[in-house]
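Engineer: Kindly produce the complete structure, drawing on both the sequences and the hints.
Per the working numbering, the sequence shown starts with residue 1, numbered consecutively.
For the record, the hints were derived by calculation from the structure and aren't laboratory data.
Computed from a predicted structure; not experimentally measured.
A virtual CB, placed ideally from N, CA and C, is assigned to each residue, including glycine.
Hints may be right or wrong, so weigh each one.
[To be verified] Listed next, with one range per pair, are the computed distances between beta-carbon atoms: (1) Glu194 x Ser345: 20 to 26 Å; (2) Leu287 x Glu310: 27 to 33 Å; (3) Glu452 x Ser89: 50 to 56 Å; (4) Met423 x His82: 51 to 57 Å.
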Amino acid sequence: GELMGAYCLTEPGSGSDALGAKTKAMPTADGSAYVLNGQKMWITNGGFADVFIVFAQVDGDKFTGFIVERNTPGLSLGNEEHKMGIRGSSTRQVFLSDVKVPKSAVLGEIGKGHLIAFNILNIGRIKLAAACLGASKMAATLSVKYANERVQFKLPIAKFGAIKYKLAQQAIRIYAVESAIYRAGMDIFRMEQELLAKGQSHNEALLGAAREFAVECAILKVEGSEVLDYVVDEGVQVYGGYGYSSDYPMDRAYRDSRINRIFEGTNEINRMLAVDMILKKAMKGELDLMGPAQAVQQELMAIPDMNLEEETGLFAAEKKTIGKLKKAILMVAGTAVQKYMNSLSKEQEVLMNIADMAIKVYTAESTVLRVEKEVGIKGEEALATQIDIARVYLYDTVDQVNKFGKDAIGTMTEGDEQRLLAMGLKRFTKADLYNAKEARRRVADVLIQANEYAY
1 GELMGAYCLT EPGSGSDALG AKTKAMPTAD GSAYVLNGQK MWITNGGFAD VFIVFAQVDG
61 DKFTGFIVER NTPGLSLGNE EHKMGIRGSS TRQVFLSDVK VPKSAVLGEI GKGHLIAFNI
121 LNIGRIKLAA ACLGASKMAA TLSVKYANER VQFKLPIAKF GAIKYKLAQQ AIRIYAVESA
181 IYRAGMDIFR MEQELLAKGQ SHNEALLGAA REFAVECAIL KVEGSEVLDY VVDEGVQVYG
241 GYGYSSDYPM DRAYRDSRIN RIFEGTNEIN RMLAVDMILK KAMKGELDLM GPAQAVQQEL
301 MAIPDMNLEE ETGLFAAEKK TIGKLKKAIL MVAGTAVQKY MNSLSKEQEV LMNIADMAIK
361 VYTAESTVLR VEKEVGIKGE EALATQIDIA RVYLYDTVDQ VNKFGKDAIG TMTEGDEQRL
421 LAMGLKRFTK ADLYNAKEAR RRVADVLIQA NEYAY
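Structural biologist: Structure, rendered in structure tokens:
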């Protein structure tokens with residue numbers, strides 16, 4: 001990189017509704033150039049970017065990307081925004097007043113700017129999740145160090161169960177989302193290699209691979225940013241009053257974290273987008289959603305088969321639980337499709353319930369698969385607390401899926417149908433009791449001994 005770039009998509013009146021942008025690009029009379037007029041907002045790198053990728057409407061309705069150099073006449077910048085966090089970054093408004101660019105400055109094709117904008121967002125979302133992961137590990141390490149140093153009642157506060165719970169939960173959620181990031185990252189990499197082998201360019205292959213796993217990218221953006229928010233919030237709590245002081249590091253971590261739930265698409269948008277993309281794949285015949293959903297609904301009417309072959313192995317029970325949780329998702333999603341059909345997009349609360357179920361199950365399954373793979377390499381003894389992490393995360397996930405499922409079922413149904421679905425949800429979110437307290441303490445003890453995030 002010899003040049004710095006800025007991505008100019010958001011406008012004062014169009015944030016989540018990117019295609020509602022008002023910036024215009026009018027072709028010149030001879031067709032050799034375009035003249036851009038409009039305003040962009042919250043532009044990262046705005047203060048020092050050499051090149052601006054500007055999205056504008058050609059002829060009023062053809063969303064298109066343009067490459068605009070910094071010194072182009074008519075391009076000007078607003079003052080630096082005074083932000084809650086990420087104060088080391090440059091964030092400015094970009095003003096375009098009769099900015100003339102040659103026809104060669106069109107990025108891609110006229111009217112196809114949304115393909116570029118949204119595919120780049122897929123990559124940005126998984127990268128944001130990875131960035132949040134790194135920040136979470138840093139905040140967790142700060143929490144452990146302070147808990148070891150801070151003495152109350154003649155003991156380091158790290159010795160107390162309430163603090164061990166916080167340290168363990170930080171680590172459990174970090175490890176789980178890291179597992180999901182590794183999983184999706186490898187899926188994208190493998191798809192990229194397949195597309196490269198078919199003759200696509202690097203950029204085409206990367207964008208195509210990210211598009212294929214756009215659901216996972218959206219899921220990870222949500223989970224990664226919310227894990228970071230959880231970790232820094234608990235970090236402030238571990239620090240106590242000092243956590244509220246700007247002289248201590250949790251102040252910056254807390255403020256910097258908050259933006260991640262907003263940019264690259266708000267978490268609400270990403271939740272609904274994830275479900276919408278799954279449904280669109282189903283409608284295109286790329287994914288059989290209704291077949292399994294109907295099979296699950298038929299299963300509700302049948303007598304449970306108590307003689308099924310049991311899977312064996314370290315995580316046999318956990319895999320069985322995950323399988324049932326997937327059935328819960330199919331049951332709720334299938335009911336939503338049947339109930340609302342083409343108007344489902346208006347039922348945003350239900351969409352977010354389904355998304356939250358999927359996010360938690362995907363992350364839990366990723367964690368189990370990761371630990372299982374590592375156990376196969378290093379053995380159970382070496383991965384003892386990672387096994388605890390996988391089991392505690394899944395233990396928590398079961399209750400969360402039950403809650404999201406109940407909310408959706410209560411919204412969509414009534415009477416006998418509601419009772420049937422509630423019974424099914426209870427069956428699919430049933431899990432044995434587990435001593436999560438002792439497991440969390442074992443996880444915390446490793447952190448306390450290492451004096452840092454150690455997984």
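Engineer: Are there hints from earlier that the structure breaks, and if so, what are their numbers?
Structural biologist: 1 and 3
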